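Each chain, letter by letter, is given below.
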Amino acid sequence: MKKVIKVKTDKLFTNITNEVSDFASSWGKSGIVNIFSKHTTLCIWCTEDELLHKLDVRFFLDKVAPRWKEPEGSHHNIKYMHDIISLRNETPADERINGHSHIRSMFFSSSETVPVDNGKLILGTYKNIFAIELDPVRDREIVCSFIEE
Amino acid sequence: MKKVIKVKTDKLFTNITNEVSDFASSWGKSGIVNIFSKHTTLCIWCTEDELLHKLDVRFFLDKVAPRWKEPEGSHHNIKYMHDIISLRNETPADERINGHSHIRSMFFSSSETVPVDNGKLILGTYKNIFAIELDPVRDREIVCSFIEE
Amino acid sequence: MKKVIKVKTDKLFTNITNEVSDFASSWGKSGIVNIFSKHTTLCIWCTEDELLHKLDVRFFLDKVAPRWKEPEGSHHNIKYMHDIISLRNETPADERINGHSHIRSMFFSSSETVPVDNGKLILGTYKNIFAIELDPVRDREIVCSFIEE
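Protein sequence lines, in the order shown, are assigned to chains A, S and D.
Our numbering numbers the first residue of the first sequence as 73 and each following residue consecutively.
Our numbering numbers the first residue of the second sequence as 73 and each following residue consecutively.
Our numbering numbers the first residue of the third sequence as 73 and each following residue consecutively.
Simulated from the structure, these hints should not be mistaken for laboratory data.
Nothing here was measured: the structure is a model prediction, and the numbers come from that model.
By construction, the Cβ of each residue, glycine as well, lies at the ideal position given by its N, Cα and C atoms.
A hint or two may mislead.
Claimed, not checked - What follows is a list of derived Cβ distance ranges for each label pair:
no. : chain 1 : residue 1 : chain 2 : residue 2 : range
1   : A       : R160      : D       : E144      : 37 to 43 Å
2   : S       : S158      : A       : D166      : 41 to 47 Å
3   : S       : S98       : A       : R130      : 41 to 47 Å
4   : S       : E220      : D       : N190      : 19 to 25 Å
5   : A       : S97       : S       : N87       : 32 to 38 Å
6   : D       : E144      : A       : E142      : 18 to 24 Å
7   : S       : S158      : D       : E213      : 51 to 57 Å
8   : D       : P138      : A       : P208      : 31 to 37 Å
9   : S       : D82       : A       : R168      : 44 to 50 Å
10  : A       : P164      : S       : S158      : 46 to 52 Å
Unchecked claim - The list that follows gives simulated cross-link-like pairs (lysine-lysine, DSSO-like), each with its CA atoms no further than 27 Å apart:
no. : chain 1 : residue 1 : chain 2 : residue 2
11  : S       : K101      : D       : K74
12  : D       : K80       : D       : K110
13  : D       : K110      : S       : K110
14  : A       : K80       : D       : K192
15  : A       : K151      : D       : K83
16  : D       : K110      : D       : K75
17  : D       : K110      : S       : K101
18  : S       : K135      : A       : K135
19  : D       : K75       : S       : K101
20  : A       : K101      : D       : K192
21  : S       : K151      : A       : K83
22  : S       : K135      : D       : K141
23  : A       : K192      : S       : K80
24  : S       : K74       : A       : K192
Next up, chain A with everything else stripped away, as it sits in the complex:
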C-alpha cells in the first residue's frame, strides 16, 4: 500500500508521526513502512520531539554547514560552489541559494524504515518521525510504502 503525505514545510521540523500512524492503522497488517522524501533538500529523520533538542540541531547545522562560509582564499569566497549560478547554464538567474541545504542533507536520510505490528508503528517511547526541511518554504511530497512481512 502506498500513501502520500503532502506538506507545506515552513519549519525545520514537521512531525508526521500521526499521519504515518493513521495510514498504518488503516492498513492493519504487520511488516515495515518506508517513509521517503521525493526531494533532495527535504529529509526524513526519527528523533525525539523536544523543543530544546531541535534548537541544538538548528545550531549544529548552522555551525557545520552555515549558509555563508568563512571567507576562503585570495578571492574571499563565501559561496558554496552550487550557488555560483553564473556557471550553471541551465539554471535561471534567480535560482534559490541552497548549497548549504544540500550539504546539510548529509546529516539526515532520504527515508526512514519503521517496523509495523498489526497496524501499529513500533517507535519506542520517544521516537517521532519528522520531515526535515532544509530549504523552506516548499510544497513537498512524502511517499509511505507499506510492505507486509
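Dock chains S and D against the given chain A, drawing on the hints supplied.
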C-alpha cells in the same frame, strides 16, 4: 517475521551480526531484513569490526559533538539546550545529560536494511552490524523485520 | 528479485540511477527497492546530479575528515588510528591508508530504499541514486532487492 534483540549496552559498539545472522538462518528465505532501534540515542550502523577504526569514530564524535561545548557568548554556556533541564517542565531534575548523544545520532541511522539470500545475510567481507550506544548504560530493544521478496 | 550492479569506481560519485531504473522496469511491480553496498567504504546516497554540488561535497569531506589530520599532541600524530598498521597483526604492511574513508562513511548510508510504482522508481525531479566511493579505485558490488507491496 519479527525478532527482538535485547541488549544492555555498556559500550559504544555492540556487534549484533551473529544474532541477526542466526535469525536469518532460521527464517531461511530471501528478501531483506530491517534492523531498527526503538531508542533515540541508540543507532544501528554497518561498518568494519576493527578496534582502531572504532577508536577513530570515538575521537571523531568527541570532536564534532563533545559532551560539553566550548564556552559560548557572554554567559559562557557549555550546555546543549536539551540539557537546560530547568526549562523543561515535564522533566525530572535528575534527567540524563545527553544533549550531545542526540546530536551524535545525526551521524548514524535509526535502522539499517540488509539483503538476505536463502537465509544468509549479504554483508560482503568486512561489513558487520552494530548497535551504537550514544548514552550508556541502558536496556535496549532492537527490532528485526524479515520481509520476503 | 535481486540484481547486482558491478562497478569499477574511480570517481567519488557514480550515478547508478539508470541501472536501478532498468531493473525496476523489467520487474514491473510496485513496492520498494533497497540498494545496498557490500563494502564499508562504498556508500549509497540519493542526491542531485549537479557538478558544483558534488564539488561542495568533496570540499566538505576534505574539511571534516581530511586524509591526514592536523598534528595532535606531543607526538604530532596526523594518522587515523585505523592507519597505524604496525599495531594490526593480521594486516599486511602495504594495507591501504583509508582511515579517513571510514570516517567519511558516517555521512552517508550503507543503503538507500526507494519506492517503486508499477516498475517505475519514485524519485521526484532531482533525486538520483549514487554510489559514493570513499576509497578508490575498487571493484565493487551493489545489491538491489526488489520487494513487492
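Query - Structure versus earlier hints - violations, ascending order - result: The structure breaks none of the hints.
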